[in-house]
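The whole structure should be built from the sequences, with the hints applied where relevant.
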Amino acid sequence: MRRGPRGIDAAWLIAMAHARSPLLLVFLLAPVFYLLALIGFPILYNILMSFQEVTLGNLSKLLRPFVGLDNYREVFADPVFRQVFVNSLVFVGVNVVGQVTLGLMAALFFAETFAGAHFLRGLLLATWMLPGLVVGALWKWMFASQYGVVNFVLEALHAIGGPVHWLSDPAIAMTTVNIAHIWYIMPFSMILIAAALTAIPLEQYEAAELDGAGPVARLRYITLPALRPTLLAVACLVTIYSMRAFDMIFALTQGGPLDSSNVLPLLSYQFSFQQFKFGIGAAVGTFAVVFVFAVALVYVRTLKHEARA
Amino acid sequence: MNHRDDGAARRMPKRTRRIILAVVAFAGVAVYLFPIYWMLISGFKSSAEIFANPPTFFPSAPNLDAFRSVFVQENIARYLRHRVIIAIPVTALTLGLGAMGAYAMSRIRSRLVDVALVTVLLLQVFPEALIATPMFIIFKSIGILNTFFAVILATTSKVLAFALVILRPMFLQVPSELEEASYVDGCTRFQAFWRIVLPLMRAPLAVVGAIAFAQAYGQFVYPITLLNRQELQPGSVGIYAFIGAETADWHRVMAFASIYVLPIIALFLLLQRNIVSGLTAGALK
Amino acid sequence: MSLRKLMAMVAAAASMLAADAMAQKVITLWHPYNAETDMIHYGIKTFNESQKEYRIEARLVPYTQLTAEMIKAIATGTPPDLVTLNDPVVASFASQDQLVDITDRIRNSKVINLSVYFKGPQTSGVWQGRRYSIAREVNALGLFYNADLFRAHGLDPDKPPKTWSEVRAAAEKLTDPAHHVFGIGFCAHGSEQSTFQFLPWLWQAGGSINKLDSPEAIEALQYWTDLVQKGYASKDVINQQQNDVINSFMAGNYAMAVGGPWELPRIQKDVKFDWRVTVLPVKDGKNIQASSLGGFHFAIPRGAKEIDGAFKAIEFLSTPAIFQDGWKSGLMAPRADVEVKDPLWPKAYAVFREQVKYAIQRGPHPQWPDLSRPIQIAIQESLTGVKPPAQALKEAAAKIQPILARQPL
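Chains U, H and Z, in that order, give the protein sequences. Taking our numbering, I'd label the letters of the first sequence as residues 951 to 1259. Taking our numbering, I'd label the letters of the second sequence as residues 449 to 733. Taking our numbering, I'd label the letters of the third sequence as residues 2 to 410.
Calculated directly from the structure, the hints in this document are not laboratory data. Treat each hint with caution, since some may be false.
[What the hints assert, rightly or not] Computed spacing ranges between beta-carbons, pair by pair:
{"hint": "1", "chain 1": "H", "residue 1": "558", "chain 2": "U", "residue 2": "1104", "range": "54 to 62 Å"}
{"hint": "2", "chain 1": "Z", "residue 1": "386", "chain 2": "H", "residue 2": "710", "range": "40 to 48 Å"}
{"hint": "3", "chain 1": "H", "residue 1": "590", "chain 2": "Z", "residue 2": "408", "range": "38 to 46 Å"}
{"hint": "4", "chain 1": "H", "residue 1": "590", "chain 2": "U", "residue 2": "1158", "range": "51 to 59 Å"}
[Claimed, not checked] With a straight-line Cα cutoff of 30 Å, these simulated DSSO-like cross-link-like pairs (lysine-lysine) come out:
{"hint": "5", "chain 1": "U", "residue 1": "1011", "chain 2": "Z", "residue 2": "306"}
{"hint": "6", "chain 1": "Z", "residue 1": "26", "chain 2": "H", "residue 2": "588"}
{"hint": "7", "chain 1": "H", "residue 1": "588", "chain 2": "Z", "residue 2": "306"}
{"hint": "8", "chain 1": "Z", "residue 1": "287", "chain 2": "Z", "residue 2": "212"}
{"hint": "9", "chain 1": "Z", "residue 1": "26", "chain 2": "U", "residue 2": "1011"}
{"hint": "10", "chain 1": "Z", "residue 1": "270", "chain 2": "Z", "residue 2": "163"}
{"hint": "11", "chain 1": "U", "residue 1": "1011", "chain 2": "H", "residue 2": "588"}
Note that CB positions come from ideal geometry on N, CA and C, so glycine has one too.
In structure tokens form, the structure reads like this:
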């Protein structure tokens, strides 16, 4: 780096770095405005609907009878909504923990050198490439009480006494959905974590080993801290994908039996497109956004503590 | 790269260790991918056999009927072509907007970035089924309904957030000293971005592009809802051609799905090595 | 060239120009029929060939998205000219004034004569005295059974069970856990399909939707619950759609299964055993024959551009010739006077024709989904053992009572 008379150049450079460059602003706002234009309007449209009484008759108009918070009141009073909300929380929580943990374990495992490591890891991505509808149908067959492969194998291994009702027992259905969804998306998390793993300089491990640190210590003091930004990003993405998960669950259980595996996006779909209660469906959707707002705030707050490379 | 973090006995000879790991990996992946195997063989079974109890692990009378109808009746080749034709511009648009946004997010130091990030994330969470109608209204009012352009725009909106979230930490790994040095040499900000930062990010961008491509390729709802003229029909209904009013031809659905994922799996297997090493900026190495 | 030839050429040229001058009007039709053999494809083709004024352009909408696409079309002001809607949702659209009133057109039609339609279709599609849709086809539920399994267990396949107790006794005999066979299967899926399958038994017991908590209704749900709890029917029925149930029948794992004629093409193609079908049973002592009426309707959405053309298309697609073609995919004509000559699966055809005479429609009610859902929930609660049938139905009745009070069935 060339230096002129010391003080002046340094100060000038620092000023440049902190200046709110118009180019940067344009760069930042371009994707944001794109998304606002395409998705922001639809969301506003729905938020508006959530405060109105909407029927097939007035669906084509924008100005419909205003009912204030009535739709929300109806939604919150519905015991099904409460169950679905809890289901969504459980679904997102289990998926984030499950995928990050399993993804991390798999990434660490495949980081070892052995024949076919990279190939096998790439093959795992196949699950994530499938359409959700196909994944749901596949697992529906595999988890079927009578002709499903899962029960067949479990019974053959004498792990269970009789068939488990994965899909028809309200107490188990949510677990079934979790298993299928983690299976579906885990390789995606794994590959992102695996990539971040390769960025950790080898020298740090070698130095630690020389200092006598065992594998657990190395994991705890080198790997995990270095992976923190990626783990957070993955957790964030998994949260979003889980909040949106629709196709797979629709094909697998349709939210049943008895709403035991129903989640918010599915519920809003049911209200709007199966029961023609558009205002209520919109209210459920809006609620999901408000809920994630809290989560997004937490994520962004923790980003502040990220170290810059 | 060799991260010896998994706590295996350090005294074990390297070769034995590698063999054990390979065997475990192979077995683990085989079990994990069993449902994929199930999907593949279901395409060779008859509709009734898929639901037989006890389940058959190999088709009792394998036949190509399902695959034949998928190729001939539904012309999956044309369908896949359409998917690719749409996925390529989506990837380009995503990378363009994503790189711009992620770079800006890595360089601007102010609350604005937080607001932008939260906004982007929030916009992703809304249930898709409810977005379809107003999005339709938007496209109708601009007059681009029934065009691939509309599908490209809609699909990009689904994929962009991922690119932003993933690229941002990677741009952060490129130290700003490099650009600052270039200002001394008289570069504009844009030139610094274009000539210095982007080339360093080539590998990560390629990988994010591949993943974005895969996501765009897998998006088949927008074509169905945004393209509703008869001449655009072929090549947009896809898998739903086999899921009918009262029945579904499941063996054909599975045959379709098997063929559908093959190109993408092949693509990723080929890019495999680059994918992982590419997701790191490696700027100063 | 002779003068005559020249004049012939001029005449031909003139008529060609005249035809071109008459621009062909396009009728957009949305339907979910992906099966190549469905009569609608033949119908559209011959309609387009038979005249030059109109041309039907069809859009295949996946079945699961049909209602959603219609809703979207209404919301965005882009409805098709003609659409096929499932019977129970017609009232929801009609009551909100989203369908064109075709009462007068039907009355004046020279092609469609409602008096020869079956009883069910004569009243379905009507809302508050006006007609908004007309049945494209009809179907009703019957009882399929596996004659080979009957014989293997000492039952006579030529004398299928005719009453509730006979069905139950047969199911008991046929259930064979060692060979993974359940005596009977029916659909209790968490959707309209379970209501569709349950209502016949409700009606056979003498119950009605108006009084879901009556002893008769409870008997019907108890009958289903017993079948599941005794193990004659699989617990999985609450997760199986109708075609899943028939899949299990076809695989030989359900000895009997409740299903409709639309399954026949598949059954014929894939089933290797001797399969038969009979009408649904009657309840001992009550002797009420009942089944559910299903089928899609033609309707013209409000905002359609070519209303006359769409109605012409409806007329054309309602002619006996097209209906004859319908049976190829297991769809029956809504007209009683149409008898398919040399039908495929003649015995099954006879059974379903008989059954459809006793088929009762669902609703009509503009809030049919709100009436159906509590029934679905009650069925699932009872079959999973979460609640006894009496309590489940009492709660369902309480949920639908306010709706029926505002608008009776």
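Hint check:
no.	hint	result
1	558(H) x 1104(U): 54 to 62 Å	56 Å, holds
2	386(Z) x 710(H): 40 to 48 Å	45 Å, holds
3	590(H) x 408(Z): 38 to 46 Å	41 Å, holds
4	590(H) x 1158(U): 51 to 59 Å	58 Å, holds
5	1011(U) x 306(Z)	19 Å, holds
6	26(Z) x 588(H)	22 Å, holds
7	588(H) x 306(Z)	18 Å, holds
8	287(Z) x 212(Z)	17 Å, holds
9	26(Z) x 1011(U)	29 Å, holds
10	270(Z) x 163(Z)	27 Å, holds
11	1011(U) x 588(H)	15 Å, holds
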